[in-house]
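S.K.: Sequence:
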Amino acid sequence: MDTSVLALERAQIIFSVALGLVALLITFFAVYVAWSTMWGDRWYRKGPAAGDPGTSERAA
Numbered sequence: 060m061d062t063s064v065l066a067l068e069r070a071q072i073i074f075s076v077a078l079g080l081v082a083l084l085i086t087f088f089a090v091y092v093a094w095s096t097m098w099g100d101r102w103y104r105k106g107p108a109a110g111d112p113g114t115s116e117r118a119a
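Each residue of the sequence shown is one higher than the one before, starting from 60 at the first, in the working numbering.
A few of these clues could be false.
[Unchecked claim] The following label-pair restraints were derived from C-beta to C-beta distances:
no.	residue 1	residue 2	range
1	68	92	33 to 39 Å
2	90	63	29 to 35 Å
3	94	72	43 to 49 Å
4	66	94	41 to 47 Å
For the record, the hints were derived by calculation from the structure and aren't laboratory data. Glycine included, each C-beta is placed from N, C-alpha and C at the ideal position.
Based on the provided sequences and hints, a complete structural model is requested.
M.R.: Printed below as a string of structure tokens:
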């Protein structure tokens, strides 16, 4: 078997593994960011805030 073919296959395998690791890293970081903002209650409120006139029914 030709050694240049083996080198190409090895390079493709290394690239595939590296690309997969980068994809996993990005996925885990995205899940962490989404989880931390939800945990911190920054994106949405679970109910009307006490004393907040913007969320009371009389303000509508």
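S.K.: So the hint says 33 to 39 Å: do the beta-carbon atoms of residue 68 and residue 92 match that?
M.R.: holds (36 Å)
S.K.: Does the Cβ pair residue 90, residue 63 satisfy 29 to 35 Å?
M.R.: Violated: the Cβ-Cβ distance is about 41 Å, outside 29 to 35 Å.
S.K.: Regarding residue 66 and residue 94, is the given constraint of 41 to 47 Å on their beta-carbon distance met?
M.R.: Once the Cβ atoms are compared, 42 Å apart, the range 41 to 47 Å for residue 94 and residue 66 holds.
S.K.: Has the hinted range 43 to 49 Å been met by the Cβ atoms of residue 94 and residue 72?
M.R.: violated (33 Å)
Checked against the numbered hints given earlier, this structure breaks hints 2, 3; the rest are met.
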